[in-house]
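These are the residues of each chain, in order.
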Amino acid sequence: MNKKFEPFLPIIGVIGLFAIWSMATSAQLVDPVLLPSPLEAGKAFWIGMHGALGFDFVKTIYRTLMATAIAAVIAIPLGIVLGASEKLYRSLEFVIDFFRSTPASAMFPLFLILFGVGDETKISVAAFGAILVILFNVAYGVMNARKTRLLAAKVMGASRLRVLFDVMLFESLPQTFVGLRNGVSLALVIIVVAEMFIGSQDGLGHSVFEAQQMFEMPRMYAAIFAAGALGYGLNLLFLVIERRFVHWSGK
Amino acid sequence: MNAQHALRTQSTGVPSSPVTGASKRPHVTIRGLSKTFGKTVIYDNFDLDIPRGELISVFGPNGCGKSTLINMIAGLIPLDAGEILFDGMQLADIKFGYVFQNYREALFPWMRAFDNIAYPLKMMKVSPAERKARTERLVAHLGVKIDLNLYPYQMSGGQQQLVSIMRALVVEPEILFLDEPFSALDYEMTLFMREQLQKLFMESGTTMVLVSHDLEEAVYLADHVLLLSRHPARVADFTVVTAPRPRTDATLSDTEFVRTKAHCLEVFQREVRRA
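These protein sequence lines are chains A and B, in that order.
Here the numbering used here is used: the first residue of the first sequence is 2, the next is one more, and so on.
Here the numbering used here is used: the first residue of the second sequence is 18, the next is one more, and so on.
Just chain A, same shape as in the assembly (with noise of 0.2 angstroms):
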């Protein structure tokens, strides 16, 4: 096959789910009214974005990015004092591995009470989660910061709080960013979750949520589509960050 092409690959896959998805309405294959057409659903999402939808999405990045950014500013000093100090890091572990194991959806009732129904409350709950998730990788790539590298520093006569700062917090960035990328992926499900049952007004949860109550089917998919994009967008974003900063990961 022509190399040229080789870009559009990935297109095909959308094509094709497309493709699928108008025989299956035409043909009749699936209650109209449980799966629109892909035009009925493509028009409420146009109409949507345009209007209360297009709120809703930014009231969403609004409370994933204040999570994961609450998050961040506690997870990496931490994680980065953990990591430095390997006997630090194992008395804790196991409890840090417990919480990071426990739903995060587990937490609302508690969390309900401390904060109350406002935005407070989503949003703490999405970064208790998200900080556990970049604590963890932080302080596991402090921790494997190369050997050699180290000794390099030292030889160079670098303090302790030198390496630190010049090697091991470098040495940890390509780590730091897989806890960051994870850590906004589980904000925004917790998000999205909380959006829908704890007394929301706005926020895509709620979207969705309100819509399946009033059986408005193709508002109900493009909220969905809009989540979707809205995770894709926040996790590619965080890539391309990640190449900008810690332009030497992999190399």
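Hints are computed from structural coordinates only; laboratory data are not their basis.
No experiment lies behind these values; they were computed from the predicted model shown.
Heads up, a few of these hints could be off.
[Unchecked claim] Here are the simulated lysine to any residue pairs, SDA-like style, with alpha carbons at most 25 angstroms apart:
#1 K148/A x P175/A
#2 K148/A x F131/B
#3 K112/B x T149/A
#4 K155/A x E189/B
#5 K148/A x A201/B
#6 K155/A x R148/B
[To be verified] Here chain A is said to cover these stretches of chain B; the calculated rule only asks that three of the stretch's residues, wherever they fall, bring their Cβ under 8 angstroms from a Cβ of chain A:
#7 87-98
#8 109-119
#9 124-132
Cβ atoms here follow ideal geometry from the backbone N, Cα and C, with glycine treated the same way.
Keeping the supplied structure of chain A fixed, place chain B upon it in accordance with the hints.
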């Protein structure tokens, strides 16, 4: 057996000059050095004098502690017992450089080559302007024709190792340690880098200690080849290499050089068989 003793028992086929004689004060004196890893005794009451301004190659059987020796001298590994002095001073009081085998992991990939080279000066609290000036001076002096604005991962292996060596030289060290510096390079690059190192050595006169696993390289570059026995390591021989510098491809086939190399190989094989 210690170094001085080894010298006296040197085989007759090889020209020798007592390096611990009055003509040259030793640069590094190692006394009573002991080191064990687990149950393995690597060094037991080991003595050695390293002459000033010479290039010493360290050669010996696998796992005999060649790298351990220079790592202990350079302070990367603590000693169990013994004393290492540089002109009677401690390591902390002198300037030294160290070149790692694995340049890929020893350089800082987040810094441009230029900043990598200047980094040790930053650790010595030299001002940024002075750092720049001194690094530029070194680059000009060596006549290096690499774009130092590149990041290490944008360079070839040989260029990266050259950057590592420059990073070690920028502090104007009194002694330079090199741990198998060329063994991760392809043969063509290795030959080129040997010439570069010889040039650096002849220009600077810095005492250099080179660990090598290639006997020809060890002899070609050295003023003295330190041949170690299996562990616990003793000085099996401290062979003088008299070939004049600059040494060239012609040196490799020179009768005297070939004889020296054969002698080293003989000592090496004797030590390998001794196990």
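Hints and how they fare:
1. Under the criterion of a C-alpha separation no larger than 25 angstroms, the hint pairing K148/A with P175/A is consistent with the structure, at around 16 angstroms.
2. Pair hint K148/A plus F131/B holds up; C-alpha atoms about 22 angstroms apart against a cutoff of 25 angstroms.
3. About 20 angstroms separates the Cα atoms of K112/B and T149/A, which keeps this hinted pair within 25 angstroms; it holds.
4. In summary, the hint linking K155/A to E189/B is supported, as the alpha carbons are separated by about 18 angstroms, within the 25 angstroms threshold.
5. Only pairs whose Cα atoms come within 25 angstroms are accepted, and K148/A paired with A201/B is accepted, the gap being roughly 18 angstroms.
6. Proximity of K155/A to R148/B is assessed by CA-CA distance (about 19 angstroms); at most 25 angstroms being required, the pair is judged to hold.
7. Note: the region 87-98 of chain B has 3 residues with beta-carbon separation from chain A under 8 angstroms; the three-residue rule is met and the coverage holds.
8. Counting residues of the region 109-119 of chain B whose beta-carbon sits less than 8 angstroms from any beta-carbon of chain A gives 3, enough to reach three: the coverage restraint holds.
9. Coverage of a stretch by a chain is defined here by at least three residues with a beta carbon nearer than 8 angstroms to that chain's beta carbons; for the region 124-132 of chain B and chain A the count is 4, and the condition holds.
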